[in-house]
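From just these sequences and the hints, can you work out the full model?
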Amino acid sequence: MSEQTPRDEELEPVGPDCVVYSEEGEGPRTHVLIVGVGHYPYFIDGPRESPGAELSQLTSPSPSARALANWFIDEYRYPPAPLGSVALLVSEEIPTPFLTPSGARQLLDPDYNNFSVSVEHWFDRGNTDENNRLIFMFCGHGYGFAQESSLLMSDFDFSRQARWDSALDLGKFVLGMAKCAAAEQLYFIDACRRPHGDLVSPGAVAGRTPIHVIADPRANYQSKVNTPLFFATGNDEPALSRANNVSIFTTAFLKAMRGMAARDDSGEWSVNNYSLLEAMAHISDRLTNEFFSNPQQPQGGQARAFVLHCLPKDPISPVYLYRDGGTPCGPGDLHYSVGGKPLSRSCTHDEIEIELELPFGKYDFTLVHNGSRIASVKQEARPTWKRARLL
Amino acid sequence: MRNRQGKVLVRVETSGDTAIKYGVPVQFRPTLEDPESGRRTDQSRPRITVIAPISVDPRDSASARLKVGDYDVEATLPSGETLIDEITIKPNEEHDIILRGIAKLDRPDFTFTGFSSRSLRSLDFGKHLSYRPSSPDLTVTIGVVAESQSANIPQSFNPASWDDWYDYFLDRYENREKNVNSTISLSGDSLGLSVITEGTVFSSSQRIKISQESRPYIDRTAIGGKRLCASITGEFGSRIISLPWPWDWNHSERALFEIIVQQDKNQLKFTPNLIDGRWGSLLSYMNSGRIHLAAEILKQAEEALFEKMENPLAAAMGGYILMSTQEGEDSDDWPRWLNNLAERFPNLPDGAILRARWLVRKGGRENIAEAHELIYESISRGIPFFTTGVIWLVDCLEQTSIDCPICIEMLKKIRGVARSMDLSQAFTSFTIIQKRGHGSSYTPEGYKPNSSIALKISSNTTQFLSRQEVFTDLNIKHPLVLPLLRN
Numbered sequence: 061m062s063e064q065t066p067r068d069e070e071l072e073p074v075g076p077d078c079v080v081y082s083e084e085g086e087g088p089r090t091h092v093l094i095v096g097v098g099h100y101p102y103f104i105d106g107p108r109e110s111p112g113a114e115l116s117q118l119t120s121p122s123p124s125a126r127a128l129a130n131w132f133i134d135e136y137r138y139p140p141a142p143l144g145s146v147a148l149l150v151s152e153e154i155p156t157p158f159l160t161p162s163g164a165r166q167l168l169d170p171d172y173n174n175f176s177v178s179v180e181h182w183f184d185r186g187n188t189d190e191n192n193r194l195i196f197m198f199c200g201h202g203y204g205f206a207q208e209s210s211l212l213m214s215d216f217d218f219s220r221q222a223r224w225d226s227a228l229d230l231g232k233f234v235l236g237m238a239k240c241a242a243a244e245q246l247y248f249i250d251a252c253r254r255p256h257g258d259l260v261s262p263g264a265v266a267g268r269t270p271i272h273v274i275a276d277p278r279a280n281y282q283s284k285v286n287t288p289l290f291f292a293t294g295n296d297e298p299a300l301s302r303a304n305n306v307s308i309f310t311t312a313f314l315k316a317m318r319g320m321a322a323r324d325d326s327g328e329w330s331v332n333n334y335s336l337l338e339a340m341a342h343i344s345d346r347l348t349n350e351f352f353s354n355p356q357q358p359q360g361g362q363a364r365a366f367v368l369h370c371l372p373k374d375p376i377s378p379v380y381l382y383r384d385g386g387t388p389c390g391p392g393d394l395h396y397s398v399g400g401k402p403l404s405r406s407c408t409h410d411e412i413e414i415e416l417e418l419p420f421g422k423y424d425f426t427l428v429h430n431g432s433r434i435a436s437v438k439q440e441a442r443p444t445w446k447r448a449r450l451l
Numbered sequence: 002m003r004n005r006q007g008k009v010l011v012r013v014e015t016s017g018d019t020a021i022k023y024g025v026p027v028q029f030r031p032t033l034e035d036p037e038s039g040r041r042t043d044q045s046r047p048r049i050t051v052i053a054p055i056s057v058d059p060r061d062s063a064s065a066r067l068k069v070g071d072y073d074v075e076a077t078l079p080s081g082e083t084l085i086d087e088i089t090i091k092p093n094e095e096h097d098i099i100l101r102g103i104a105k106l107d108r109p110d111f112t113f114t115g116f117s118s119r120s121l122r123s124l125d126f127g128k129h130l131s132y133r134p135s136s137p138d139l140t141v142t143i144g145v146v147a148e149s150q151s152a153n154i155p156q157s158f159n160p161a162s163w164d165d166w167y168d169y170f171l172d173r174y175e176n177r178e179k180n181v182n183s184t185i186s187l188s189g190d191s192l193g194l195s196v197i198t199e200g201t202v203f204s205s206s207q208r209i210k211i212s213q214e215s216r217p218y219i220d221r222t223a224i225g226g227k228r229l230c231a232s233i234t235g236e237f238g239s240r241i242i243s244l245p246w247p248w249d250w251n252h253s254e255r256a257l258f259e260i261i262v263q264q265d266k267n268q269l270k271f272t273p274n275l276i277d278g279r280w281g282s283l284l285s286y287m288n289s290g291r292i293h294l295a296a297e298i299l300k301q302a303e304e305a306l307f308e309k310m311e312n313p314l315a316a317a318m319g320g321y322i323l324m325s326t327q328e329g330e331d332s333d334d335w336p337r338w339l340n341n342l343a344e345r346f347p348n349l350p351d352g353a354i355l356r357a358r359w360l361v362r363k364g365g366r367e368n369i370a371e372a373h374e375l376i377y378e379s380i381s382r383g384i385p386f387f388t389t390g391v392i393w394l395v396d397c398l399e400q401t402s403i404d405c406p407i408c409i410e411m412l413k414k415i416r417g418v419a420r421s422m423d424l425s426q427a428f429t430s431f432t433i434i435q436k437r438g439h440g441s442s443y444t445p446e447g448y449k450p451n452s453s454i455a456l457k458i459s460s461n462t463t464q465f466l467s468r469q470e471v472f473t474d475l476n477i478k479h480p481l482v483l484p485l486l487r488n
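One line per chain: the protein sequences are C and S, in this order.
Just so you know, we're using this note's numbering here: the first sequence kicks off at 61 and counts up by one.
Just so you know, we're using this note's numbering here: the second sequence kicks off at 2 and counts up by one.
Treat the hints loosely; a few may be bogus.
As the list claims (entries may be wrong) - Computed cross-link-like contacts, DSBU-like style, restricted to lysine-lysine with a CA-CA straight-line distance of at most 30 Å:
#1 S:363 <-> C:239
#2 S:68 <-> C:438
#3 C:422 <-> S:68
#4 C:401 <-> C:446
#5 S:91 <-> C:422
#6 C:446 <-> S:300
#7 C:438 <-> S:8
#8 C:239 <-> S:413
#9 C:284 <-> S:413
#10 C:422 <-> S:8
To be verified - Distance windows between CB atoms, simulated:
#11 C:219 <-> S:409: 38 to 44 Å
#12 C:283 <-> S:222: 34 to 40 Å
#13 C:397 <-> S:93: 36 to 42 Å
#14 C:405 <-> S:37: 24 to 30 Å
As the list claims (entries may be wrong) - With the Cβ distance kept under 10 Å, some of the chain C side facing chain S (calculated, not the full set):
#15 188
#16 190
#17 204
#18 234
#19 266
#20 281
#21 337
#22 338
#23 357
#24 359
#25 421
#26 441
In short, the hints are calculated from the structure, not lab data.
Source: prediction; values computed, not measured.
Note that beta-carbon positions come from the ideal geometry of N, C-alpha and C, so glycine has one too.
Laid out in structure tokens, this is it:
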């Protein structure tokens with residue numbers, strides 16, 4: 061897809077449902093709601109920074125939310141409930157349209173009101189069939205532990221008495237959603253998980269929920285609800301990201317979905333909730349352990365096993381190559397072939413380990429320096445990852 | 002058919018002295034060489050999961066018979082460390098597999114549960130390879146009575162009581178300007194346990210061992226009645242941990258609980274390890290959020306855990322794992338076992354919560370009503386032993402108390418107390434931060450806003466945001482392959 065910027069008159073604003081992509085069809089569907097809150101006007105460095113602002117702007121939620129939306133539109137494959145819709149709310153310093161195959165969409169800001177309305181529509185889309193699947197993804201600021209979490213929407217203002225009215229009470233929200241027909245509901249939360257002082261007060265309100273809890277939510281349904289929660293990080297830990305880039309959690313999710321979490325137990329490559337968590341843990345650790353004393357580790361809550369994604373093609377997974385005794389792989393060039401096409405990668409003198417992301421298959425790796433072969437190894441690339449010593 | 006099989010003996014070696022029988026789920030995935038596409042999972046042979054013991058003794062190895070052929074061998078430790086291997090099973094041969102965690106290779110203080118592995122990266126490993134004496138700035142007490150050391154609100158209370166904790170936190174919150182440095186210690190009966198605190202090779206971490214001299218008579222039906230807690234107080238605050246005691250342990254180790262405590266970056270962090278030759282791994286997997294791996298262990302140990310109810314607290318732990326990963330039909334045994342747990346142990350809140358959770362999940366007017374009663378009952382039994390019980394108690398109360406004003410008040414109270422709990426731990430525990438301050442909108446003279454002075458929230462978050470920038474500038478060793486961004 062070209063990277064042209066559409067003119068304003070070409071932009072089509074999303075409706076209150078915030079749907080940027082929909083696919084009509086019979087039978088159960090997957091409906092995705094993605095919320096990326098990066099620009100908080102009332103936070104530090106925001107245009108309406110309030111005196112009591114305690115948090116700063118985030119640069120990662122917008123690219124993360126967009127990358128996730130694109131992935132669902134382009135790659136998500138789950139035959140029992142194919143993609144039905146993707147709704148997207150993003151706040152960013154300079155609002156940028158979202159390009160879809162059917163045109164550019166002007167996105168709505170995820171203040172609590174817009175969020176709440178979009179959730180009601182998302183609920184309705186999921187409510188048509190018990191075999192529907194709902195996926196909720198949030199990337200932004202958050203507080204709290206476990207389900208006792210508050211997710212901050214863009215209009216959160218620390219100076220307001222009713223500030224927590226602009227936060228989602230995740231626990232109540234998840235409980236409330238149990239009354240939606242869709243029995244499978246997945247929640248991905250990419251936010252810090254530290255408690256806030258306000259919430260220490262016994263009786264403090266942690267936020268609101270657009271969907272209220274009822275006593276017997278599955279009274280009219282055959283199926284029990286399966287609601288796995290995936291948190292980017294452990295309790296009392298921050299969620300990490302590189303500035304102006306997709307978050308660690310998003311990166312881990314996309315890498316895992318594209319292959320690292322794939323299993324071919326049933327013949328075709330698919331990702332289940334457990335393999336997803338393990339692959340994401342591995343990726344998160346590798347991306348953060350050199351820079352932070354506590355590497356980011358995603359956490360999964362209770363969930364029965366289920367298939368999340370069926371890969372349309374062979375998985376891509378990493379191969380880690382190293383030499384004996386901590387000998388650097390460089391200087392030199394690593395030669396190998398992908399799909400019959402010869403490739404070469406230069407290695408520096410301080411590279412102890414080389415990481416290559418390769419499609420499923422067998423490879424011959426040869427390390428060459430000044431025209432001489434230094435070491436070689438045969439190794440296949442296969443999920444979750446493979447490690448081989450160059451000899 | 003047997004001659005087309007081979008025997009595999011498998012065990013895991015990692016740090017720590019204690020052998021654990023139900024240690025690590027090791028999966029043998031049959032593979033087949035496909036000349037065109039490479040090595041794929043062989044559909045004709047079953048995948049086998051063996052619960053390998055953690056042990057350095059070859060005699061402890063778990064065995065399984067596998068059909069001949071190639072296998073991928075995969076295991077994940079509670080720390081998240083993945084151990085992989087490949088093996089070719091030959092007919093009538095015995096194959097030894099030892100999966101070694103990195104800890105075993107070069108990091109003596111790296112525990113398989115992961116706490117140390119994370120924290121130690123930031124420390125100067127290798128420079129202090131001798132054990133240090135216990136640091137004097139850590140105070141550890143155990144007992145069944147909580148004592149607040151606040152100057153203005155001296156009080157003793159029952160650490161198992163929701164009401165007492167609520168009153169304590171409310172008082173502390175309302176008098177927050179006076180109570181910024183108050184802590185909690187434990188006193189009263191220590192139920193035969195004693196505490197040893199020792200240093201580790203790393204200066205900022207310490208090991209607390211809670212052990213007993215001899216094995217006492219355990220009145221199982223009384224479990225939950227007297228709640229034994231441990232308090233750890235350091236420079237940055239206190240942690241109060243509800244100990245799963247009496248724990249019916251069945252091995253020769255004297256240490257029952259080992260708590261690694263680290264004071265780092267203005268935080269008091271701890272990881273409790275249950276020293277139990279059978280169920281130690283279950284707790285570690287539960288603690289690290291890898292419930293599905295704990296469930297793998299339970300699949301092969303369900304009866305050992307539940308059948309005789311020898312260890313009600315371990316059974317409750319198993320109940321949490323099963324409820325988290327399985328639907329639980331009437332035909333299954335374990336929902337019945339949960340009922341037994343609720344009925345036979347009248348002081349154990351976790352049994353009532355587990356049964357209520359199952360009833361709520363089943364739905365229906367009668368089940369919801371019964372669950373409501375059980376939840377009410379569980380609150381009177383006290384704080385659950387396990388953190389998941391707190392979360393499920395809140396969920397169940399939320400769902401079953403819509404028309405009950407008394408329960409709505411209870412829910413408010415429980416949520417209020419739960420906010421001072423560390424819900425990342427498997428055992429129920431409380432965080433009492435030093436210098437806890439004020440509401441974020443209230444900045445009294447001499448204090449910074451609450452979330453930076455008290456809970457260190459804002460400052461930490463900002464710090465990490467700053468780190469985000471630093472992160473950008475670093476030369477990333479493992480390149481991030483960006484997804485295709487259309488926008």
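Here's how the hints hold up against the structure:
no., hint, result
1, S:363 <-> C:239, "holds, 14 Å"
2, S:68 <-> C:438, "holds, 26 Å"
3, C:422 <-> S:68, "holds, 25 Å"
4, C:401 <-> C:446, "holds, 21 Å"
5, S:91 <-> C:422, "holds, 24 Å"
6, C:446 <-> S:300, "holds, 29 Å"
7, C:438 <-> S:8, "holds, 28 Å"
8, C:239 <-> S:413, "holds, 23 Å"
9, C:284 <-> S:413, "holds, 27 Å"
10, C:422 <-> S:8, "holds, 29 Å"
11, C:219 <-> S:409: 38 to 44 Å, "violated, 30 Å"
12, C:283 <-> S:222: 34 to 40 Å, "holds, 38 Å"
13, C:397 <-> S:93: 36 to 42 Å, "holds, 40 Å"
14, C:405 <-> S:37: 24 to 30 Å, "holds, 26 Å"
15, 188, "violated, 21 Å"
16, 190, "violated, 14 Å"
17, 204, "holds, 8 Å"
18, 234, "holds, 9 Å"
19, 266, "holds, 8 Å"
20, 281, "holds, 9 Å"
21, 337, "holds, 8 Å"
22, 338, "holds, 6 Å"
23, 357, "holds, 6 Å"
24, 359, "holds, 4 Å"
25, 421, "holds, 5 Å"
26, 441, "holds, 8 Å"
Checked against the numbered hints listed earlier, the structure breaks hints 11, 15, 16; every other hint is satisfied.
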